[in-house]
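S.K.: Protein chains in written order, with UniProt numbering: chain H, 1 to 453; chain G, 1 to 453; chain V, 1 to 453; chain U, 1 to 453.
Among the hints, erroneous ones may be present.
As the list claims (entries may be wrong) - To give an idea of the chain H side of the interface with chain V (calculated C-beta under 10 Å), a few residues: (1) Trp190; (2) Leu318; (3) Gly419.
In short, the hints are calculated from the structure, not lab data. Note that the Cβ used here is the ideal one computed from N, Cα and C, for glycine as well.
Protein chains: 4
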Amino acid sequence: MAPHPVAELTSPSSWAMVEDKFSPFAKETLAKLIAFIDAEVLPATRIAHAQIPADPETRWKTVVPIIAELKVKAKKLGLWNLFLSKAHYPQFGVPLTNLEYAVMAEILGRSGPMTSEVVNCSAPDTGNMEVLARYGSPEQQKKWLIPLLNGEIRSAFAMTERFVSSSDATNIRTSIRQEGDEIVINGHKWWISGAGDPRTKVHLVMGKSDPNNPNTHTQQSVVIVPADAPGVTVVRPMHVFGYDDAPEGHCEVKYENVRVPLSNLVLGWGKGFEIIQGRLGPGRIHHCMRSIGAAQNALDLMLQRVTDPSRKTFGKYLYEHGSVVAEIAQCRADIEGARLLVLSAANQIDKARAKGALKEIGIAKFVVPAMACRVIDRAIQAFGAEGVSQDQPLAQAYAGLRTLRLADGPDAVHMQQIGQRELRRAPALAKRTAEIKKKERVLMERLGMKAHA
Amino acid sequence: MAPHPVAELTSPSSWAMVEDKFSPFAKETLAKLIAFIDAEVLPATRIAHAQIPADPETRWKTVVPIIAELKVKAKKLGLWNLFLSKAHYPQFGVPLTNLEYAVMAEILGRSGPMTSEVVNCSAPDTGNMEVLARYGSPEQQKKWLIPLLNGEIRSAFAMTERFVSSSDATNIRTSIRQEGDEIVINGHKWWISGAGDPRTKVHLVMGKSDPNNPNTHTQQSVVIVPADAPGVTVVRPMHVFGYDDAPEGHCEVKYENVRVPLSNLVLGWGKGFEIIQGRLGPGRIHHCMRSIGAAQNALDLMLQRVTDPSRKTFGKYLYEHGSVVAEIAQCRADIEGARLLVLSAANQIDKARAKGALKEIGIAKFVVPAMACRVIDRAIQAFGAEGVSQDQPLAQAYAGLRTLRLADGPDAVHMQQIGQRELRRAPALAKRTAEIKKKERVLMERLGMKAHA
Amino acid sequence: MAPHPVAELTSPSSWAMVEDKFSPFAKETLAKLIAFIDAEVLPATRIAHAQIPADPETRWKTVVPIIAELKVKAKKLGLWNLFLSKAHYPQFGVPLTNLEYAVMAEILGRSGPMTSEVVNCSAPDTGNMEVLARYGSPEQQKKWLIPLLNGEIRSAFAMTERFVSSSDATNIRTSIRQEGDEIVINGHKWWISGAGDPRTKVHLVMGKSDPNNPNTHTQQSVVIVPADAPGVTVVRPMHVFGYDDAPEGHCEVKYENVRVPLSNLVLGWGKGFEIIQGRLGPGRIHHCMRSIGAAQNALDLMLQRVTDPSRKTFGKYLYEHGSVVAEIAQCRADIEGARLLVLSAANQIDKARAKGALKEIGIAKFVVPAMACRVIDRAIQAFGAEGVSQDQPLAQAYAGLRTLRLADGPDAVHMQQIGQRELRRAPALAKRTAEIKKKERVLMERLGMKAHA
Amino acid sequence: MAPHPVAELTSPSSWAMVEDKFSPFAKETLAKLIAFIDAEVLPATRIAHAQIPADPETRWKTVVPIIAELKVKAKKLGLWNLFLSKAHYPQFGVPLTNLEYAVMAEILGRSGPMTSEVVNCSAPDTGNMEVLARYGSPEQQKKWLIPLLNGEIRSAFAMTERFVSSSDATNIRTSIRQEGDEIVINGHKWWISGAGDPRTKVHLVMGKSDPNNPNTHTQQSVVIVPADAPGVTVVRPMHVFGYDDAPEGHCEVKYENVRVPLSNLVLGWGKGFEIIQGRLGPGRIHHCMRSIGAAQNALDLMLQRVTDPSRKTFGKYLYEHGSVVAEIAQCRADIEGARLLVLSAANQIDKARAKGALKEIGIAKFVVPAMACRVIDRAIQAFGAEGVSQDQPLAQAYAGLRTLRLADGPDAVHMQQIGQRELRRAPALAKRTAEIKKKERVLMERLGMKAHA
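Can you make the complete structure from the sequences, with help from the hints?
M.R.: In structure tokens form, the structure reads like this:
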């Protein structure tokens, strides 16, 4: 039997660890996805870039034509909304597990950020769809979720705020308060991905509805805000290194006396923190799996560069110099280990939902983007100055991955959480040690030995 | 259902990745092993150390009484020869896969080097039993394999030589030649593990029987040499960071005109390289899995130390200082990733034998011992000076793991091999890139775009 | 006595190592420079950025008004051409040693790339002035060097080529040939810094005038090309992590049948390699010293961020979390060590010219930019997402420093050269060891001891 | 002029940084020291090792004959007590600065721990001599300091305690109390270097004389205790990895109702903390400089190994494989940077005493031993298994250096202190930033620009 295409592309042994956890449908979908990307998406990537105008005004009003075309094709092929597991979202989901999607997400990440959009699996829409599918009212679902699931509109998620450290959610200052049968929103956010896109019709906005509640986990609420509501101002795009990531962008946005009907409240007053928690877990692992793909792509580019005869120096291929081969080996090993961590986390989500996989998600969150940065950085070095330029995808990929070490909680926060979880194992370990010591003493007495101080 | 003890000890999510690949017998054996180690082996560890005399003479003539006792118990419980998979050694093996044993080997490594010996799974006996089981004549098997399988004798494997870099097997100088119906061996080896042990009755000696053969892979042969054959001299024990690892030791050994009957040749003339190759693959993965256990144990000790109230400084627990929690998180992540790499390699051996798992074994070989060294080093730092002393197992564990980065091929050799394997993927990648470029050109023409230079 | 301002800004103990090597003039100039930057340059930095239009066309036609103003002021203060040591360039230089300038270059680097330009010390002009001062004919000096020294024009240096690895100078393909009393240049370069600037009036172009000469070091020549000569086309700016560094830029440039008079040849036919070598040494150390300043600035920003009360999370200052303090200590130590390496290299250039300081320059070249990248990366992490944005100078500084690990020879090339130099010490070491062994044997005999094998 | 021998041995450019700070006497002494070590000490090193018996009893009763001989020779040559700077100890010192000694200490460290002893510059005697020279009464000096200065006796310093984390001095439990005209000492110490040596005649013991004093810095006192006083028991040698470092050793010592006359109190009641602080600063820098030498020696050994024709593998020298040359370059760079840090710290001690050089000493303390460990570890890898054995000095050097990362305060403590010192710079930086911002606003107004939010 021919090996599955994923094994050819990446790692047969990682595939061997999970193959028997894959349904026939998942295997078939995966093969289709791989074929579609090679045949349709990758040949269109540079064209898509060229279709975004350089002009600072018009580039934010653009719907990239070739992406729109590809979306139609992907949807027709059933390569659509693959992230939404039917097991967790029976009404809207596709029959794929998180583990199965994790492998597909790697394939998506391998071919650049555009591919996720083509199959309607790109952030922040994915997380927003999950929120609406899980917590939205039927009315909210009809108005916002269905168009999102159909890829007709896009969306933003507004949490991070300027001037405060919003990795501590209690620092959030945006105010959300009821006035009659309306909700009034005032706040100053930034890094709102997608807010620059002309297709973005809706923002999910998190703010404080009960800022003095002693329970800091019920101070927050989430409200649906139409992108064109009066008082919503997209101030400017934030740059990531020198990239503005138009047309989606990561924008600074002001909400000034924005008014929406009460029915735009999601789930209920004070449910903001709960919604966020539910949203972030799977989102992080999707990012991680795409990061594996990005690292894999960097390594593949590096392999082609160092074996390119036109790049010889001093009569030798680049790979024949110094530590290049060792670096390639290190890249391969780094990717393999990180991939297995992500697959294991995805498997754990399938077994115990995101809540039961916090440890695995947390580890992946601080290991994988940092790993991908290292791999891409090595690849950049192999490419020389071209590596940092617009002629290769490496520098932009690096910028994105580097930012991922800050987004959804910086590395340090996740490391603290994982470290604290480990510390909780200490009492059981101490008890076990005490029991062993006790048996040791009994044994020593039996043997007539004197215990050491 | 209560979780399996292994999940409690180590990592539920790693266990979740492999649990459905475990037979009921394997699960039961694993639980029994865990219980036996806690109840019997760990309480005896310091006693075993105390039973080795300090005197430089007698310490090399000692059979440690408590280990001998424990071996009897382990054998009775069926915790015996777990490394020898029936699938690969139908005549002598136990019904366990490599993957199943890999998890058990971690448990062995977690409790120190002694435990492997107690269950008759310690190097170099394991590799020697594999050689004799696979390549030995019935007579050789009867005389040497059966007593080894029974734990009645121990053995040595003599490959590494003094004065040459024997990681290149063609540098081997030991001469093995036929004289009449005898074989005469002359050579100067060192780092011969087990050669110091009074129970060691047999050496498998590798040397050159056909040094001028242009095929450098058929110059070598392997011969069985009784440890007490005239001409065999154990010169001295080599030290590893000050440790002599008595009574087994890693010894310098001279073979001067040692004569053995022709029937002591293993497999045939010129088969030495083939035998070595077969021997090293699984051996490396066993080492790796034990290394995971050693790292896990170091982390567990560290957790207990940094939460110990009697170790507070400046009014705070050690874990409350600086980067301790982050280091613990890093240790946990390092161990998780490495464990999955080893499990994946073991699974690959089960699927495609060692030959089909060279990549996975090679990656584990250079990743895992280095990872374990890092983890143990961090644990040492948490213990202060006590960490480098005889009162904790950390420094000795470090010395062993550090040496593992040199044994069975230094890290650099494995990295070169893995890197070179990766380079072989380059032509297929270049072909794929060319195809995508071609499609891109077609698409650009269709859209009336000018291709960039 | 009040400490010198440089000691206050950076490191008293580094200053103590070199203070007595500083002339009174140098100390005075340094103090003036520090005061000028604080009073005039730093308050103007964001304004200068704002004066560069976003429009993709006009941004390349801009002379930034405030920089032009500052240049006038700096020149009047004598803060001008500080890089050009009178000791090496008696006719044109200022009375400063390389060591003295090295400290000033750190101060320049500390306040961003603009400051170097303000005091007419920015690459590639510095290296071009050195070339013209050392190798230029009086006519060439009058026409091009004097306006450069006066800051009236800017310049470019065209070496790196597209499609080949030009870190091996023999790969250069640009053709430079004589036709009658003209020189004809054909070539395709990129990463030509300054080529985008409207003030750039001249390119120094390196190419092959004798490509088949068996002596690969005499194949190259350098020619002066007016920027507006027919056949010179600036194709596009190259991006560095999304930055185009307008208006200077790093451009792709084509030279198609460009014709210049014979008198534009620098030094003579076949002298290109010699010119390059002379040009790169001091240039590299200037880059390194500026990099120290960039790292120092990142650390200073980080210190302000982690002590900012408005950035508290979970009730604590950022510096009270996890490993922040340890990271700051590491940054400080990294900077100190690197600074001393650069000072030592500059001192060595003063003692033995660049040729006698190749080792020191080479070490600094691969140590310092990598160090600065690490420090800046840590600072980015402390700033959260803002760290990668246009609101802080960190991401752009990182992009520049990262590129420096590729420019003027990638790290690997310098490491190979330094490593090879070290290897040359081996024979003398082996001889010394042999002599010691010989004395050891004599001593052992005298003491009646048996030598170990 | 021929270069100074130190420049030949190590780094001409480091030497160039400090040469003009060296007196003629210091230069002459340094040259004499280098010559003496090559001619006399290095040929005797293995002999000295062989003169220490393996027998666990007698090895602790040995005065190594060849070391005793060499001490006589060194003293005669004036290579004696070089660490004791006359500037700081006018009565007893030699006319050398700390900077001058720092270079000599590197030379000592380069040739192994024995050389320091030969020239009477080995810890803990050095620190104890400093304590007695600075704080001792004339009577104490006559009785203990003079014999130490003469090299007739050796000494121990008893601070670290078992069962507590004594890096926090307030955890010290040893009790020192007055009874009549006697002092009674009770305590349980370990890691007491030198306590195992038959020549050790005196312990300086730190303990608490006023444990309830609210000023935690005046609770401690230091008392002189004769090594043979009743109640002093050397319990056992502590091992460092597997080394016992006989005959000096690092021992566990009990003080049980030890009685000494009141006149054995050093400096006065409650002066213990002050004494310790004065003792540790220069001691740390001596350790660091010796560590540079140890690293340099490891690199020199590595260079010889990788160029040794008898160590070729696969037809190539070791240095021709993979990343060996790059690693050598990294070692060289690591050593250069660290050496300059230590020289700079020593220079700072000369300028501002140890108290004014806390930052520099602290940085060196956590940078240098870790650096030396890395370099030695790389060298070990180049040597293969021989690198961890008793046939090369590398593993033992590693063990010593690794322990140095824990001794005199673990790395983390020094990093915290340096990091905290840096944080103190934050207010001045914030003030400077505010001033620049203010000027920026003025300038923007003048230019009619709108300030960014």
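S.K.: Could you run down the list of hints and mark each one as holding or not?
M.R.: Each hint tested on the structure:
The interface hint given for tryptophan 190 of chain H is met, as the beta carbon of that residue sits about 8 Å from the closest beta carbon of chain V, less than 10 Å. With 10 Å as the threshold, the beta carbon of leucine 318 of chain H comes within range of chain V, its nearest partner Cβ sitting at about 7 Å, so the hint holds. Restraint check, glycine 419 of chain H versus chain V: the minimum CB separation of about 9 Å is within 10 Å; hint holds.
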